[in-house]
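Asker: Chains A and B, in that order, are what the protein sequence lines are.
With the working numbering, letter number 56 in the first sequence gets 56, and the count goes up by one each step, no holes.
With the working numbering, letter number 54 in the second sequence gets 425, and the count goes up by one each step, no holes.
Take the hints with a grain of salt, since some may be wrong.
With the C-beta cut set under 10 Å, the calculated list includes, among others, these residues of chain B facing chain A [as the list claims (entries may be wrong)]:
hint: 1; residue: 478
hint: 2; residue: 482
hint: 3; residue: 485
hint: 4; residue: 550
hint: 5; residue: 551
hint: 6; residue: 555
hint: 7; residue: 556
hint: 8; residue: 569
hint: 9; residue: 570
hint: 10; residue: 598
On the chain A side, residues computed to face chain B include the following (Cβ under 8 Å) [as the list claims (entries may be wrong)]:
hint: 11; residue: 102
hint: 12; residue: 107
hint: 13; residue: 110
hint: 14; residue: 112
hint: 15; residue: 120
hint: 16; residue: 122
hint: 17; residue: 128
hint: 18; residue: 131
hint: 19; residue: 134
hint: 20; residue: 135
hint: 21; residue: 137
Quick list of the computed label-pair ranges, beta carbon to beta carbon [what the hints assert, rightly or not]:
hint: 22; chain 1: B; residue 1: 384; chain 2: A; residue 2: 224; range: 52 to 60 Å
hint: 23; chain 1: A; residue 1: 191; chain 2: B; residue 2: 564; range: 28 to 36 Å
hint: 24; chain 1: B; residue 1: 564; chain 2: A; residue 2: 68; range: 33 to 41 Å
hint: 25; chain 1: A; residue 1: 68; chain 2: B; residue 2: 504; range: 52 to 60 Å
hint: 26; chain 1: A; residue 1: 197; chain 2: B; residue 2: 384; range: 42 to 50 Å
hint: 27; chain 1: B; residue 1: 485; chain 2: A; residue 2: 41; range: 30 to 38 Å
hint: 28; chain 1: B; residue 1: 542; chain 2: A; residue 2: 196; range: 34 to 42 Å
hint: 29; chain 1: B; residue 1: 471; chain 2: A; residue 2: 245; range: 58 to 66 Å
hint: 30; chain 1: B; residue 1: 542; chain 2: A; residue 2: 203; range: 33 to 41 Å
hint: 31; chain 1: B; residue 1: 471; chain 2: A; residue 2: 224; range: 35 to 43 Å
hint: 32; chain 1: B; residue 1: 481; chain 2: A; residue 2: 68; range: 23 to 31 Å
hint: 33; chain 1: A; residue 1: 68; chain 2: B; residue 2: 491; range: 30 to 38 Å
For the record, the hints were derived by calculation from the structure and aren't laboratory data.
Beta carbons are placed, not taken as given, at the ideal position from N, Cα and C, and that holds for glycine.
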Amino acid sequence: MIQRLRDFFSSSARRITRPPTESEAARNPGCSLVVENVSKSFGKTQILNDVSFTAEAGEFVTLLGPSGCGKTTLLRIIAGLDRSDRGRILLAGRAVDHLPANRRPVNTVFQNYALFPHLSVFENVAFGLRSRSIPDPEVRDRVRSSLSMLKLDDLAERYPHQISGGQKQRVALARAVVNEPEVLLLDEPMSALDAKLRAEVQLDLRRLQRALGKTFVLVTHDQDEAMTVSDRIVLMNKGRIEQQGVTAEVYERPQSRFAAEFFGAANLISAQRVGATLVFTTVGALRVQTTPQWEFGTLAIHPEWIELCENEPPENGVRGVVRESFYRGDHVELIIEPGPLRVQLSPRARLTPGSSVWLALPAERLEVLSD
Amino acid sequence: MSSGRGPWRALTTVAAFFGFGLLYVPLLAVAMYSFNTAERGLIWTGFSVRWYIELLADPETSRRAREIREVAVNTLVLGGASTVISTVLGTLLALGMRFPWPSSVSRLLESIVDIPAVAPDITFAAVLVMAFNVLRRVVDHWFEPGMTTMIISHVTFEIAFVTLIVRSRLVAIGPTLSEAAMDLYASPWRHFRRVTLPLLWPAIVGGAMLAFTLSLNDFVISFFTSGPRSVTLPLYVYQSQMRGVRTDLFAISTLLLIGVAASIMILERLTRWRHN
Numbered sequence: 001m002i003q004r005l006r007d008f009f010s011s012s013a014r015r016i017t018r019p020p021t022e023s024e025a026a027r028n029p030g031c032s033l034v035v036e037n038v039s040k041s042f043g044k045t046q047i048l049n050d051v052s053f054t055a056e057a058g059e060f061v062t063l064l065g066p067s068g069c070g071k072t073t074l075l076r077i078i079a080g081l082d083r084s085d086r087g088r089i090l091l092a093g094r095a096v097d098h099l100p101a102n103r104r105p106v107n108t109v110f111q112n113y114a115l116f117p118h119l120s121v122f123e124n125v126a127f128g129l130r131s132r133s134i135p136d137p138e139v140r141d142r143v144r145s146s147l148s149m150l151k152l153d154d155l156a157e158r159y160p161h162q163i164s165g166g167q168k169q170r171v172a173l174a175r176a177v178v179n180e181p182e183v184l185l186l187d188e189p190m191s192a193l194d195a196k197l198r199a200e201v202q203l204d205l206r207r208l209q210r211a212l213g214k215t216f217v218l219v220t221h222d223q224d225e226a227m228t229v230s231d232r233i234v235l236m237n238k239g240r241i242e243q244q245g246v247t248a249e250v251y252e253r254p255q256s257r258f259a260a261e262f263f264g265a266a267n268l269i270s271a272q273r274v275g276a277t278l279v280f281t282t283v284g285a286l287r288v289q290t291t292p293q294w295e296f297g298t299l300a301i302h303p304e305w306i307e308l309c310e311n312e313p314p315e316n317g318v319r320g321v322v323r324e325s326f327y328r329g330d331h332v333e334l335i336i337e338p339g340p341l342r343v344q345l346s347p348r349a350r351l352t353p354g355s356s357v358w359l360a361l362p363a364e365r366l367e368v369l370s371d
Numbered sequence: 372m373s374s375g376r377g378p379w380r381a382l383t384t385v386a387a388f389f390g391f392g393l394l395y396v397p398l399l400a401v402a403m404y405s406f407n408t409a410e411r412g413l414i415w416t417g418f419s420v421r422w423y424i425e426l427l428a429d430p431e432t433s434r435r436a437r438e439i440r441e442v443a444v445n446t447l448v449l450g451g452a453s454t455v456i457s458t459v460l461g462t463l464l465a466l467g468m469r470f471p472w473p474s475s476v477s478r479l480l481e482s483i484v485d486i487p488a489v490a491p492d493i494t495f496a497a498v499l500v501m502a503f504n505v506l507r508r509v510v511d512h513w514f515e516p517g518m519t520t521m522i523i524s525h526v527t528f529e530i531a532f533v534t535l536i537v538r539s540r541l542v543a544i545g546p547t548l549s550e551a552a553m554d555l556y557a558s559p560w561r562h563f564r565r566v567t568l569p570l571l572w573p574a575i576v577g578g579a580m581l582a583f584t585l586s587l588n589d590f591v592i593s594f595f596t597s598g599p600r601s602v603t604l605p606l607y608v609y610q611s612q613m614r615g616v617r618t619d620l621f622a623i624s625t626l627l628l629i630g631v632a633a634s635i636m637i638l639e640r641l642t643r644w645r646h647n
């Protein structure tokens, strides 16, 4: 209770900012955002458990995970809208945990946009600048240029209820970027848009981020969206970071069962270790490149990395029978026993159910999962 | 169902007209009889505006006109003062209830804030009379039955209604816009003045309207807390009809009705304008 009161009043009362210590700046040069060992519980429910990640200046980082994994709470903690129980947040090398939301150099694009209904598009975008008492002529220039960057010039005098969902979303973006924040936070900003518009906005978002050269942190549960826009993905599950890395690496080299399953596409193969790099699986003996840490565990391989061979391949060959074949336009998806393995081939490979095939599962593409 | 046809639609139309009839026929009857030439009774003897003219007669010569003027001033002073005070306090209470209280405190506050709004007037009046009795023993003079005690009493029950309306609007607005304002560097004061207050304005005005109307209408609580020099219109009408219903009471009631209707229409227009 006392803590709550203190939090409540600190948003207006505290004015002192702590200068960055030597070590923080030295340890993370060029990082605009550092999240260090952040934990948070609501009552008895642990929402975040010792979460750490960084975002370099100008990087597009996505916090990806299923609903309830804590990604939005993490975003709110960075923005200062929630407080962490433990851990630190550094923005541009400066600890900001003691700063209320209105004194942090970040801006948020909210899930439902949160446009002020009583203010015009222009005044919505100008709000942050006016809060900081920026002189009027500068406010006008900056608002105009950010409206035109987002192709909103004609809507400046409209009110939020007079514009479409896609336009609202762009106004919310303009309202955030006009302040030139150190880090722009985006909380599922595309979830309310239809599929076609979403694809357009994803590209626009990426272009905008490149043009501004600012750090963007996006929260989403949509792995396609994450892959389209991000430089790096931080994959979260049950309040922990499951895996983080460059986008292609997180997709192609899942480290855990969750990571492999979340991207939805990979084949999971149960395995038993029989040698340092040899495992026995439901599809036969396979050679892997890293030594499994388990005795019984799982391997993962994406359908597009499984090769179709005319004869028995020299290594990791699997003799199978096509059970089902789905034509997808740009590719053909086959379900093959044993396994069943999902295999993705060029549409030229016309294989009918019942035909026998040789498959190769390249060792360098077989991921040994941690669990 | 709303776009239903045939018998259903006919039925809803009849029901709607019946409902409107119940609401407005008695009021129209009062308005009509205020133009009757007869001094009392319900027999129509001819059209006249003499009762209106007499209400506005020179207070020096007409006792009735003097009384009515005093009563009208009392009613407006009581309504105005209690509305202003209860609107400010009720709005602050609604805002205060939004503070991040622990959920147990929050639930308790929510359940007790509505009680004054639904408590029987007579209970409320009895409690107030007792409270003023106690206070009179502590501080003399201040709590003698009169305008002060009436304003305090009216404020006490009006707060609940103002809070009810402002709070429901606050809940409808939700926390996100406040968060957006904070995210856009707004200090708590700027955030209140530029976001919360403009969005709450229609609810505050609505709450004030309701408070004023309740004060104007109140009889029970006024009856228990008024003094000899603070008679309001409902009390005056009650006292007068003890001596028989005179036609000028219909005239007073009609003027009161027109006043309330006009103020509601003006305020509604005002809130719509503010909203757009």
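Asker: Give a verdict on every hint.
Answerer: Checked hints:
Evaluation of the residue 478 of chain B hint against chain A yields a violated restraint, the C-beta minimum of about 15 Å exceeding 10 Å. At about 20 Å, the closest approach between the beta carbon of residue 482 of chain B and any beta carbon in chain A exceeds 10 Å, and the interface hint on this residue is violated. Annotation: interface hint on residue 485 of chain B violated; nearest CB of chain A at approximately 24 Å, more than 10 Å. Among the interface hints, the one on residue 550 of chain B holds; its C-beta lies about 5 Å from the nearest C-beta in chain A, closer than the 10 Å criterion.
Because the smallest distance between the Cβ of residue 551 of chain B and any Cβ of chain A comes to about 4 Å, under 10 Å, the interface hint for this residue holds. The beta carbon of residue 555 of chain B comes within 4 Å of a beta carbon in chain A, closer than 10 Å, and the hint placing it at the interface holds. Annotation: residue 556 of chain B was flagged as interfacial toward chain A, and the flag holds, the nearest CB pair being 4 Å apart, inside 10 Å. The criterion of a C-beta within 10 Å of any C-beta in chain A is met by residue 569 of chain B, whose closest approach is roughly 5 Å, and the hint holds.
Interface hint at residue 570 of chain B: satisfied, since its Cβ lies 6 Å from the closest Cβ of chain A, which is below the 10 Å cut-off. For the restraint placing residue 598 of chain B at the interface with chain A, the shortest Cβ-Cβ distance is roughly 43 Å, beyond the 10 Å limit, so the hint is violated. Among the interface hints, the one on residue 102 of chain A holds; its C-beta lies about 5 Å from the nearest C-beta in chain B, closer than the 8 Å criterion. The interface hint given for residue 107 of chain A holds, since its Cβ lies 6 Å from the closest Cβ of chain B, which is under the 8 Å cut-off.
At about 6 Å, the closest approach between the beta carbon of residue 110 of chain A and any beta carbon in chain B falls short of 8 Å, and the interface hint on this residue holds. Among the interface hints, the one on residue 112 of chain A holds; its C-beta lies about 7 Å from the nearest C-beta in chain B, closer than the 8 Å criterion. Restraint check, residue 120 of chain A versus chain B: the minimum CB separation of about 12 Å is more than 8 Å; hint violated. Taken as an interface hint, residue 122 of chain A does not check out: its beta carbon lies about 14 Å from the nearest beta carbon of chain B, beyond 8 Å.
The beta carbon of residue 128 of chain A is positioned within 8 Å of a beta carbon in chain B (closest approach about 4 Å), and the interface hint is therefore held. For residue 131 of chain A, the suggested interface contact is upheld, since its CB lies about 4 Å from the closest CB of chain B, less than 8 Å. A distance limit of 8 Å between C-beta atoms decides the matter here; for residue 134 of chain A the minimum to chain B is near 10 Å, and the interface restraint is violated. A hinted interface residue such as residue 135 of chain A counts as satisfied when its beta carbon comes closer than 8 Å to some beta carbon of chain B; here the least separation is about 16 Å, so the hint is violated.
A least Cβ separation of about 19 Å between residue 137 of chain A and chain B goes past the 8 Å threshold, and the interface hint is therefore violated. Roughly 54 Å separates the CB atoms of residue 384 of chain B and residue 224 of chain A, a value that falls within the hinted 52 to 60 Å. One distance hint, 28 to 36 Å for the beta-carbon pair residue 191 of chain A and residue 564 of chain B, holds here, with the actual separation near 32 Å. Take residue 564 of chain B and residue 68 of chain A: their Cβ atoms lie about 37 Å apart, and the range 33 to 41 Å holds.
The hint said 52 to 60 Å for the Cβ distance between residue 68 of chain A and residue 504 of chain B, and at roughly 58 Å that hint holds. Taking the beta carbon of each, residue 197 of chain A and residue 384 of chain B are about 44 Å apart, inside 42 to 50 Å as hinted. For the pair residue 485 of chain B and residue 41 of chain A, the beta carbons lie near 33 Å from each other, so the given range of 30 to 38 Å is met. Distance hint for residue 542 of chain B and residue 196 of chain A: a CB-CB separation of about 35 Å, consistent with the stated range 34 to 42 Å.
Taken as a hint, the range 58 to 66 Å is violated for the pair residue 471 of chain B and residue 245 of chain A, whose Cβ atoms sit roughly 37 Å apart. Taken as a hint, the range 33 to 41 Å holds for the pair residue 542 of chain B and residue 203 of chain A, whose Cβ atoms sit roughly 38 Å apart. The hinted window of 35 to 43 Å between residue 471 of chain B and residue 224 of chain A holds, with their beta carbons roughly 37 Å apart. For the pair residue 481 of chain B and residue 68 of chain A, the supplied restraint of 23 to 31 Å holds, since their beta-carbon distance comes to about 27 Å.
The hinted range of 30 to 38 Å is not satisfied by residue 68 of chain A and residue 491 of chain B, whose Cβ atoms lie roughly 47 Å apart.
In the structure shown, a violation is registered for the earlier hints numbered 1, 2, 3, 10, 15, 16, 19, 20, 21, 29 and 33, in ascending order.
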